[in-house]
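Just so you know, the protein sequences line up as chains L and S, in that order. Numbering-wise (our numbering), the first sequence opens with residue 1 and increments by one. Numbering-wise (our numbering), the second sequence opens with residue 1001 and increments by one.
No lab work stands behind these hints, which were simulated from the structure alone. This one's a predicted model, so the numbers in the text were calculated from it and none came from an experiment. Among the hints, a few may not be true.
[What the hints assert, rightly or not] Here are some of the chain S residues that sit facing chain L, going by a computed Cβ distance under 7 Å: (1) Arg1030; (2) Gly1031; (3) Pro1034; (4) Gly1075; (5) Asp1147; (6) Gln1158; (7) Thr1165; (8) Ala1186; (9) Thr1190; (10) Pro1196.
[Stated by the list, open to error] Computed far set for chain L versus chain S, every beta-carbon distance over 12 Å: (11) Cys16; (12) Tyr82; (13) Lys92; (14) Thr162; (15) Arg204; (16) Phe222; (17) Ile348; (18) Arg361; (19) Ser434; (20) Thr437; (21) Gly474; (22) Phe505; (23) Asp511; (24) Ala514; (25) Arg529; (26) Asp531.
We put the beta carbon where it would ideally sit given N, CA and C, even for glycine.
Here's the letter readout for the chains.
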Amino acid sequence: MTAGGDLSERVLVVRCPGWPVMGREPGHAGDGAAPGGGAVRDTEPGAPEFGQVVSVVEGFCPRVEVLHPGACAIGARGPARYFGGEGALAAKIIEAVTGGGFACHVGIADGLFAAVLAAEQSQRSRGTRRARPGGVMRVAPGRTRAFLAPFPVSVLDSPDLTDLLPRLGIRTLGEFASLPAAEVVNRFGTPGVIAHRLARGLSRRPLAPRPPSADLSVGQEFDPPARQAEPVVFTAKALAQRMHDGLAASGLACVRVQVQVVWSSGQEITRLWRHDGLLSALAVAERVRWQLAGWQGGQDGPGDDDAARAGGITMLRLTPDQLVRDQVQQLGLWGDAVVSDRLARAAIRVQAMLGHGAVTRPVRAGGRGPADQVTLVPFGDTNDRALRQAGPGRAGRTGGPGWTGEPGRTGGPGWTGGPGSEDRPWPGRIPAPSPATVYPAPLPARITDDSGATVAVSGRGLVSAPPARMSADGAPWLAITAWTGPWPVTERWWRPRATRRRARFQLVTEDGAAWLVALQDGGWLIEARYD
Amino acid sequence: MAGLASLLPRRHDEDAVPDGGRLPVLPALRGLLPGGLKRGTVVTVGHWGLLCLAVAAGASAAGAWCAAVGLPQFGVAAAADAGLNPGRLLLIPDPGTGWPQVVASLLDGCELVLLRPPGQPSAQMRTRLVATLRRRGGVLVVAGGWDDAQARLLVVRQEWAGIGTGHGRLRARRVQVAVDGRGAAARLRTRWLWLPGADGSVGAVDQIPVSGQGMRDTG
């Protein structure tokens, strides 16, 4: 198609459907999780378990790249020759992974982008009559551009372009790929060039033509060996920062980062993680944590040997892999919402004391109740889709650009972030003013009428009697001086397990306090307090 | 050039609020805290609530980073409505038993820390924290009790508007806030405020006479 060096290598992607979506690449939609549905940001469930899948795949090719928990990739050329063809290799991998108790799908194509789509395609076509045994989708060498052509442009990982292109009448990757490259540069800039290369079946960016003169890997030895994961993860933050500084000084970014951990017994475990110049130092450290947790929880790793585990970790090394010129990650001229070093140091120190998830920043989310309208993101995670879209946070700076509202009046359109649903109308949401106290878990309460009977609400939204007295979580009874409601709301009725029916009330008690309470399943809950 | 510089968004690297000795407060609170919050001091508010957010909002709006420690119930939307910038907010809901150390570390990076102490702080702990506070030039806003505070704020009276018995909705609250303290702040002062006002913001009562009428009518 084009000059030889530009052609992508053969890539095989193994994808386990239904894995938690945390950390996945935005734009590769099509998973079971509802977008913006739950705002679930628990601490990476499943990342360690995915280590088991990765170890199985490592049996076929030692260099496995983890794209996100739930998907990993290997270079297909060498293993395919050894195992007798790409089809045979895919069948063997599926057999081995399925044998470990995980459903999986495999896609093979030129380049990672097409291979990921092929893996998703094979999953989707399973249910139809074109079912493929084992869920393999193989795109023949050189046919990648034709394979990509019918896909909608929304599969590109670029929110601006996927919004803009359809409005220009360009709906599929094929139509986009047929535009002349020079015009694409003029009109869409660097992100457009990357997307255009992907649409043509080429690699994301040309690899750096020469190897870097200096060794950009960073390492740390532990003497005495570290027996706990926490100090290693903490060191990883500092190492990642040094690695990013070194890369930035050379004007380079790395596509992947290789994390190597050596135990005092001499055993070592090496893993590649997707980086794309987007991860902060903290996010790299989090990958190290996953790697350690995955190894400790793994059944088939070298970790079977308890003595070796007790030996402790003697060395940690981070190596940037596949260096490319750093093109789009430059800081804005007048610093975008970059966290100052002083603040980052303070926050990291607290994270070292309490754990990564203990220091959070609020991001606005969509929802009706006051507790649904905010999502907390651990400090330093630029991994979140919203934060990534909010602005160019250069790799190596801690703390992503978050809530870029103007100081002062932030209630309005200045709020950014959230899973993309915060600006929807949300009929039935609680009207302003917002409560100052939002209980993370609603408090149980008792609310009775004059006769002492618990107030109920009928199916048609009628109150049994005016509420007269309230007792919050076992506290003394207070007379209710003013009340309003009920405001019935039925949420997620389409998902039986997540469905929620509430009738909300606002109350003022004799001490002057104002409350947001709700009746759900016959019990009264205090959701928030206004004053 | 100086005129041009003022037009540019603030460089976040230099996020120290310029006015050396004091952090600014919202205009509505200037009558209660003349000159703002004195750096290196502790301000207490009777209990956790909107008044804490209002005290912190002025500094945050001026570009200071704020941290909220021990406040899992922090209402971010209400904070934003009051004027606090959620983009410059760190939340540490559960600081654990080592909370004084957490607060001291945060004071290195944040100019204002909102704290609800998980336990009764000992005198030694307080002395050590206040020393850190002085060294760093931060302000600690405590929800609850704290001896030797520079200023103590308290909601004395409050009255909700807009809600009746079975109709209307909460629209605004009129509160009487009293403040006393040490030194120049020793004299007891009281002010009436809208906390919150009809749009969630904080205002002095005489500034919003019209909406007050409307609210009573609705109620």
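A quick look at each hint next to the structure:
A cut of 7 Å between beta carbons decides the hint on S/Arg1030: the least distance to chain L is about 16 Å, and the hint is violated. For S/Gly1031, the interface hint is violated, the least distance from its beta-carbon to any beta-carbon of chain L being 20 Å, above 7 Å. Taking 7 Å as the C-beta cut-off, the interface hint given for S/Pro1034 is violated, the closest approach to chain L being about 21 Å. Annotation: S/Gly1075 was flagged as interfacial toward chain L, and the flag holds, the nearest CB pair being 5 Å apart, inside 7 Å.
For S/Asp1147, the interface hint is violated, the least distance from its beta-carbon to any beta-carbon of chain L being 25 Å, above 7 Å. Because the beta carbon of S/Gln1158 sits about 4 Å from the nearest beta carbon in chain L, less than 7 Å, this interface hint is met. The criterion of a C-beta within 7 Å of any C-beta in chain L is met by S/Thr1165, whose closest approach is roughly 6 Å, and the hint holds. Annotation: S/Ala1186 was flagged as interfacial toward chain L, and the flag is violated, the nearest CB pair being 27 Å apart, outside 7 Å.
At about 16 Å, the closest approach between the beta carbon of S/Thr1190 and any beta carbon in chain L exceeds 7 Å, and the interface hint on this residue is violated. Taken as an interface hint, S/Pro1196 checks out: its beta carbon lies about 4 Å from the nearest beta carbon of chain L, inside 7 Å. Every beta carbon of chain S lies more than 12 Å from that of L/Cys16, the smallest distance being close to 33 Å; the non-interface claim holds. With a least CB separation of 52 Å from chain S, L/Tyr82 remains clear of the 12 Å interface cut-off, as annotated.
Even its closest Cβ contact with chain S, about 48 Å, leaves L/Lys92 beyond 12 Å, as expected for a residue assigned away from the interface. Every CB of chain S lies more than 12 Å from the CB of L/Thr162, the least distance being 26 Å, so the non-interface label holds. No Cβ of chain S approaches the Cβ of L/Arg204 within 12 Å, the least distance being about 30 Å, so the stated non-interface status holds. With a least beta-carbon separation of about 24 Å from chain S, L/Phe222 lies farther than 12 Å from that chain, consistent with its non-interface assignment.
For L/Ile348, the shortest C-beta to C-beta distance to chain S comes to about 9 Å, within the 12 Å cut-off, and the non-interface label is violated. Chain S draws L/Arg361 into its interface by the beta-carbon criterion, the shortest separation being 6 Å against a cut-off of 12 Å. Not every CB of chain S lies more than 12 Å from the CB of L/Ser434, the least distance being 4 Å, so the non-interface label is violated. At roughly 5 Å, the least C-beta separation between L/Thr437 and chain S is not larger than 12 Å, which violates its mark as non-interface.
The beta carbon of L/Gly474 is kept farther than 12 Å from every beta carbon of chain S, the shortest such distance being approximately 18 Å. Residue placement check: L/Phe505 does not keep its beta carbon more than 12 Å from all beta carbons of chain S (closest about 10 Å). The beta carbon of L/Asp511 is not kept farther than 12 Å from every beta carbon of chain S, the shortest such distance being approximately 9 Å. Residue placement check: L/Ala514 does not keep its beta carbon more than 12 Å from all beta carbons of chain S (closest about 5 Å).
With a least beta-carbon separation of about 8 Å from chain S, L/Arg529 fails to lie farther than 12 Å from that chain, contradicting its non-interface assignment. In this structure L/Asp531 is not separated from chain S by more than 12 Å, as the shortest Cβ-Cβ distance comes to only about 5 Å.
Violated hints, in rising order: 1, 2, 3, 5, 8, 9, 17, 18, 19, 20, 22, 23, 24, 25 and 26; the structure is consistent with all others.
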